[in-house]
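Q: For reference, the chains in residue letters:
4 protein chains.
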Amino acid sequence: MTQPLLDVSPLEAALQRFADARDWNGFHTPRNLVLALTGEVGELAELFQWLTDEQAARIAADPATARAVRDELADVLMYLVRLSSVLGVDLDAAVREKFIANGVKYPPLPGR
Amino acid sequence: MTQPLLDVSPLEAALQRFADARDWNGFHTPRNLVLALTGEVGELAELFQWLTDEQAARIAADPATARAVRDELADVLMYLVRLSSVLGVDLDAAVREKFIANGVKYPPLPGR
Amino acid sequence: MTQPLLDVSPLEAALQRFADARDWNGFHTPRNLVLALTGEVGELAELFQWLTDEQAARIAADPATARAVRDELADVLMYLVRLSSVLGVDLDAAVREKFIANGVKYPPLPGR
Amino acid sequence: MTQPLLDVSPLEAALQRFADARDWNGFHTPRNLVLALTGEVGELAELFQWLTDEQAARIAADPATARAVRDELADVLMYLVRLSSVLGVDLDAAVREKFIANGVKYPPLPGR
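Protein chains in written order, with the numbering used here: chain C, 1 to 112; chain U, 1 to 112; chain R, 1 to 112; chain A, 1 to 112.
These are computed hints drawn from the structure, not numbers from a lab.
Where hints are given, some of them may not hold.
When chains are identical, the list treats them as one kind, so a pair holds in a single copy or across two.
Think about it this way: if two alpha-carbon atoms lie no more than 25 Å apart in a straight line, the pair counts; the simulated DMTMM-like pairs of lysine to aspartate or glutamate are [as the list claims (entries may be wrong)]:
hint : residue 1 : residue 2
1    : Lys105    : Asp71
2    : Lys105    : Glu46
3    : Lys105    : Asp90
4    : Lys105    : Glu54
5    : Lys105    : Asp20
6    : Lys105    : Asp23
7    : Lys105    : Glu43
8    : Lys105    : Glu12
Start from the sequences and build out the full structure, keeping to the hints where you can.
A: What follows is the structure, given as structure tokens:
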């Protein structure tokens, strides 16, 4: 895959400015960010823990929980992108490489 | 924030084509994807569990572990984007809203 | 290892009575409990995410956070024991088997 | 609740001896153990991620996966107990306190 699959560079820059303006760079170590990411994934899981599959499929359409779901997805993404920045990992390149590996590992069904 | 912070639409489309070509859409329920995301975050955490902060900061530069780190970051991102697609959540809008809320919750330091 | 390493049978019974008295057994499916366990581990991780190793070592002695740490450890344990019960897994036997396997995988240092 | 709900003291002692014999105490910091716990919960989640609720309920009876489930439950418990030890938390007391709090927060149904 030679075409880019994603562009998170404006988000990376915005997260950097946000950290700079609050003197948070010292807190943004890789291990801290992995723990923070774990925390946000836990909050996301809590939204789904007692739902049936049918309820889960409609969760983002439910006014009572849509906001919470959107917020948790955003939190997970922001910590993931911040972690990648801090580690110097190009997420687009990493995803493209993984796509190629997955395509070899799991071949498409015949005729698709 | 009115400017887009991220664009993952090519990745969303690629993940949909990947699932279509393997008849995986039935597996991609929200709860399944949350469990899969949890699994990948766990694998990411394992890479960092016995490292010092100094070792962790250099992990992506270490040839022995750089590949593993890139792969796990990619896996987390792919499941997160797939989950958002399945739920019909616009990640860019969700992130922009969260940024505004965070800016209110955590004001910048004076003069920044 | 033939000696028991743990006894959680009173806790298993108490959790069963608690679920019975609230008609919660239908919610206590394995996948729901795995998601709930993930959520509690996430809450535990959040307590440690911005701490230095020195601060983390003293967290349970800090009056401000000791209660939160104890509560999260208890929550993780309760969901883990409940999950094991629902799956019919004998945790003591499982732990003893794992200890033996770990002892083979990681031999003790010479002279210890 | 004044009766003990659990006894993990033999496991605590065994984990301490295991660490001593391998010079692992320096690795067993709270934050390292939280990351390790996260990793094991992730491995547990992976066993359940593509299963229906019916398949999940039978997972520990399935010879192909029973061993893996038992091992992951044991791993989660061992890291949880080790973390509690390192933090000086009495898990039995913590669980009894949480039970009382939960009983107030979620009253039993009438007549139960």
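Q: Which of the listed hints are broken here?
A: Failing hint: just 4.
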